[in-house]
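Taking the hints into account, I'd like the entire structure generated from these sequences.
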Amino acid sequence: MIEEQKLIEIIPSELVAKVRDMFVEQYRLVQIGCTKLPDRIEINYSFDKNYQFINYRLILANDKVEVPSVSSVYWNALFYENEIHDLFGLNIVGIVLDFKGTFYETKEKYAFATCPPPIEPVIKTTPVVNIKEKGKPQ
Amino acid sequence: MVLKSLFSKPATYMYPLLTREPMVGSRGSIVNHVDQCSYCTLCQKKCPTDAIVVDREKKTWAIDSMRCITCNACVDVCPKSCLEMLTTYSSSKTAAELSR
Amino acid sequence: MTLAFLIMIQNLVLFLIGFPALAALILAGVPNNNFRNRLVWVFGLIILVVSVVLVVGFGSISSEMLSFHSKALEKVMFYGEWVMSLLILVLSIKHKKLAPLFLVVIQTSLLTWFELGYGHQLEAANNLFVDKLSLVMALIIGVIGSLICIYAVGYMKEFHEKQHPEIKDRRALFFFILFFFLSAMFGIVFSNNLMWLFFFWEVTTLSSFLLIGYKQNEESINNAFRAVFMNLFGGVFFAMAIIYLFLTTNTIELNQMLGLGGLVMLPVVFLSIAGMTKAAQMPFSSWLLGAMVAPTPVSALLHSSTMVKAGVYLLIRVAPLLGGTLAGLLVACVGGVTFIITSFIAISQSDAKKVLAYSTIANLGLIVMCSGIGTPAAIWAAILLVIFHAIAKGLLFLSVGVVEHKLHSRDIESMDNLIIKMPRLAWMLLVGMAGMFLAPFGMLISKWAVLKALVDANPGLTVVLIYGSAATLFFWVKWMGKILAVVQPEKTDETGISRSEWTALYALVTATIAVCLTFPLISRLMIEPFVFGSSTATTILTRGNSLIMIIMMGFVILFRFSLPKKDEGERIVETYLSGLNVDQRNAYSAPLGATKSFISKNYYLSKYFGEKNLSSIGVATSWLIVMLLIGSSLPWLV
Amino acid sequence: MSNRTIIPFGPQHPVLPEPIHLDLVMEDELVVEAIPRIGWVHRGLEKLVEKKDFLEMTYVAERICGICSFIHGLTYCHGIEQIMNIEVPIRAHFLRTLWSELSRIHSHLLWLGLVADAFGFESLFMHSWRIREKVLDIIEATTGGRVIFGSAKVGGTRRDIDNEMLKRIIAQVTEIEKEMKEISQTFLNDYSVQQRLKGVGILSKADANMLGAVGPMLRASGINQDMRKLNYAAYGHIDWEPVMAQDGDCFARVEVRVGELFQATDMIRQVIEKMPEGPVDVKVTGSPNGEFFARTEQPRGEVIYYLKGNGSKNLERMRVRTPTFANIPAITKILPGIQLADVPMMLLTIDPCISCTER
Amino acid sequence: MTYLAKSPWIIHYDATSCNGCDIEVLACLTPMYDVERFGIINTGNPKHADIFLITGSVNEQNVKVVENIYNQMPNPKVVVAIGICATSGGIFRECYNVLGGVDKVIPVDVYVPGCAVRPEAIIDGVVKAIGVLEEKHTQMKKGAAKS
Amino acid sequence: MADCYVINRELIAMVSIIMGLLYLVLGPLFGGLVTGLDRRISARMQGRFGPPILQPFYDVLKLFEKEQIVVRRSQNVYVYFYLLFIVFTGVLFFMGEDLLLVIFSLTLAAIFFVLAGYKGGSPFSIIGAERELLQMMAYEPMVLMMAVGMYMATKSFYVGDIVTSPAMPIMLLPGIFIGLTYVLTIKLRKSPFDLSTSHHGHQELVKGITTEYSGPALALIEIAHFYEVPFLVGFVFLFFGSHWLLGLLVCAAVYFLEILIDNTFARTKWQFMVAASWVVAAIFGFGNIIILSLLG
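Protein chains in written order, with numbering that gives the first Met the number 0: chain A, 0 to 137; chain B, 0 to 99; chain C, 0 to 637; chain D, 0 to 358; chain E, 0 to 146; chain F, 0 to 295.
There could be a bad hint or two in this list.
Said to hold, decoys possible - To be clear about the criterion: a stretch of chain C counts as covered by chain F if any three or more of its residues have a C-beta under 8 Å from a C-beta of chain F, and this derived list gives those stretches:
1. 94 to 107
2. 451 to 458
3. 473 to 487
Honestly, the hints are just simulated from the structure, not real lab data. Just so we're clear, the structure is a prediction, and the values are computed from it rather than from any experiment. C-beta: ideal position from N, C-alpha, C; glycine also.
This is the structure:
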């Protein structure tokens, strides 16, 4: 029952060509998603055609690497790319409509640029209790 | 359809003149039957919104109704089964009532 | 009527015709701008006073024939016509315009043949006459005309010195033509001899031609030739009318022709066509739009308040003969088509002068329609329209002229915030617009009268008025709204408007309101006796209704003074902008991190009321009607 | 001189239940340009994986959106189950399908109401929502919540439905179906409704595919794609075919959703008839290690969860791409050229769920 | 008793909420609950509204919007925080982009808990809000009388 | 005979003044009640219970209790004059004055309302104002045709004469009656033609023209709407001349029809509205006039 999911790793220089091939083959761009890992950054370009799921994984060594935009091929990619720029602080060049960091006006810039901290129990803050409902509700 | 509605009884349930019997299993608010409670703090740990404060020493258990998202996590986890999900929802408060 | 009385009238009439011409010659001879300007003030005021004196002093007369004769004057006219034709001929050749050339040749040869062949028999018993309609027209020409001349002093100074330094300063010529034109206008309304009338008619054509081309750039020259072509077209019909009239009935007098009744249908139809060209009715309307390239006083004086009124004046004159005939119905149809089509087109225009021009054509159409109907009630309505329209439209043109100089644009869309930028001018524009269509003001009273006249005479034609008025409402109100809407704070700056301009504007504002308040009086003293032959209270607007209108007028005037001047305890908040306001009142935070101001433009609905489609429909329809009109008169030829 | 009006449309605007902004550039009322702006609902909840363990994240997933709450939870659980190779009891699969379809009905009725409101048909809005309340009653009776179900769980479901209740549901669904027929008549046959919907906002088949549209938006443009065909939950056990329309205009999108209402009632009947007995959950031990793109069909279309774990309690990455996010490019492309009056309706025909979109 | 109590008009804004509470607010207007019985109208325009129903945990971008709407409402006005997110930030309290609770931005008069809030609870909340509204009206009148 | 005539005239004058005064007092009460009934019936049609019948009055009274906020200080003056002219129109109508005058006065009032929209200066109120103008453009022809038709049927433009005429104008003016009922939907701001400002909140223009008006000013707008109802219904009544019982019945029926239409149609776009009302006016209104003029 588990669907088959193809995963292909690629490097930045082949990205646009690969994506263009998918476009020519009339694949639908399902999503572009980014993952920050301690040692690298992955960007997933997912495509679908007749329930065939193909994922290209672009691997970046760090967030300084320039990523070419695929929005000139898939117009809708611009939304994903702007999002990635705003959350991960990646340098994506050539987005057809570049929001220049105003896609999400977050309190914290590039919130996802930091990698998850080493696993440890989450310290919970002490809640401020306004109403004390002891036992039963009033 | 419109005319039919005009001449038939409206679908309105006349709350607050009438109150509907809450559905069985409806998630309304959490109550702790404190007498059975062992103050194990498991519910405090499991609460995703930190709404529950348990003090082992002082033997107090409190829930902030303005934080509880009625997810039922505490009820599920309670080893003593003293937590109960009531079907009645917790009431709203004015700012004055809250600060009191 | 005593003889002395008659002589006095005759002298005043001759003064009004002669004095402006004399003034024109003097002005042309003064090289100094300042001195000339002062003279314009003086001459303008003289004309104004004399015309008022004539009307106030002799308003009680019903109709007087003036058997003024002057061989010398007739010679002047004969040669004058030749000179004018020659001038047009030369200019046409110079600018390689074949069509006007062709027409001027036809017209001149026709007339020369006629005058040379029958010249000795062309004796009119009464060359001039005065009646209530002439007096009303004279008052319009005298008051509005002189005010516009005074306005032109300040306007043309600004025009040449600040706005258009590239255009050659030919103000001496400008004022010469302007005053000469006034002379001709007086001539038109007082002439009984059709030859004289025709001469003055041609003078106005020439004046208009020269003034449209005043800027002497390609556009204005082209438009000038288009105007002269169409007016000459009318002129040819005018000439044919006179010739036919003389050949068949041996008369060249207006009053005699009118007395002949239905026997002279062909000249009446031809005169109507001439009137329609001058009044820029639909197949011939394009020249008036082109005329808007001229400086604003020209647009105001020639192309809205007076010269085009000469066209409808002629139609009103022949209206009793048109009434109830097929030809009359067709004339009414031309007016109707013009009214409705141009009202629609005005919706799609954002150039203020073009809107005014279209509205002018539309209202002239309404007058033409009334003349075509020709019942007393309709004629009454037509004269009311002439009066109210002349004043309000003059005011509007003059205000727009000043606004254009201050804003460097006459696009309606650039008039945002005008109410705080130039409050006095904005109020003048508002009064003018209200005067054009709003309830207690003049034009609405007239339209009301038109509607009532139509219902009785020909209910079918009401449909034109009804739909056209709806469109009228739309384009005026949206313009009013534009002026009133305040989207951002701005400074008031109303400096740099000359005294002459303010004088004319204030006078016209006063006049607009005054005629509305006194119209029952005007109607009873001047129009009803002319139309109905006696001063009986009309059934159209009863006294009660007039009273109500005046009450409404009071409310509206009250409005101007009820605007709060100081804080009355309201809290001022920002405009609702979907919660996106940033600090200034009209700014919001837009996508891409920008801060933008919202922009509100009016609707133009150009897809539906576009100029191109509608005017071609209008021109085609009206050509068809004009053809039918000519055809309908042909049986008389046989 | 151009007569272009520029107005800010949203975020606070009565026709928009949720904050989204469109910078509309118009000539008269014709939209010539529309630039979207979002970000008012961005909370950054994907980042919560660092603070909450993978089981707690179910609560977060369910609260990504209050309308498709259950399917969010389901998709999340589905993804985790795939990574951890958990065999979910078959009854749980059937229950998940049942709740999915109930939430589809409630969502579509809600949407039909809103779109009716957007084209100014207030009574239709009222009637749609009146019927929706009956669906909510079923949902509340079975899950304890009206909109946040809270019944998804890694390894199964948190609640079971007893068979007597299931029978009652069938009866209730039949009744609801009857009432839905009435309103769907109005949606599909009323002259004034058709006038507003037909030919407005046409999205061609090619555009729909290349702009990455999903769900009813895609199906209304004549592309047969429905993630339920991936046979997650119990969709492999029942007979159904995706609802399609060809025209790609607003009317087609209404048609598809109305069709799906009846498809859903049909599915509910099948599910209840075929519902096997057995437990509804399994115990989950260990932590997820691996990655998976979980795809399911929400009322609004395909949702995709990318989950990546490294063997600890907390996931390394959770990424949610919701159907509305995928549909925004399409709507941006078709907005220019329509009338201002159609803007709210157009926006609604993608059934926007901004809180999903921005997470 | 003032007429404010008989015709409280509401405006609703979704400030970073999950939709759950929003649709329940809308549901209040629909046949089942029909708050128009109490004269309540959802105006959607701050300038007409008396009661501001606000849902969601309020993110950075929303601060200005919420303030704008609040400022554009005529006095007396009441703010009702609907749902746990609006009262305390709820499950999203720890997210990097939310402020957690409406009272961080504008003064809240009534807190209505629930996730999602039940329509009955919203009606209760609005009834409470009407009480506050009348109180504020008397204060406003006093203030006006003084000055 | 002459005496009798004089008395008659005095009587008529007195009656008309009394009618005018009655309208001043009862007009808004009637309008408010009708609006309240309207809201209740609409709610029932939507399967809801609905607000109390007196709700419109509560709303207005509440608005007077609110603070006055404005964008521009001068904006409320337009509302005052809108109300003033609406009342003026109504008084003219009930005093039996000239129907055309009534229509012109109504137009003037409506224009003040439109200008109020422009003066509000927010994008939504300005678009609302433009749409209101489109609405006026749509209904104006038909309303004028009604006056023309009335004149052709009763030989008088005076409301007073029309309601006392023994003839039933509707016998001669069935087309105009249909047309008027059609445009009444626009004038009463009912769906499908509630383009410029809707009674219901959920519209793309927020609240259209009234977006920037609040508190007491909004209350005045509401009162003006109340004042509008009696004479709009009165237009319908005119078709029955002196047959007042039948007239009242038909008025009620027409108003009910309007509510029904309100609840069974989607809001149209302005293109359709203008085109449809012009075509209806041309076919039913103008057609009727032409037929009458051919017959007469």
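Does the structure break any of the earlier hints, and which numbers would those be? 1
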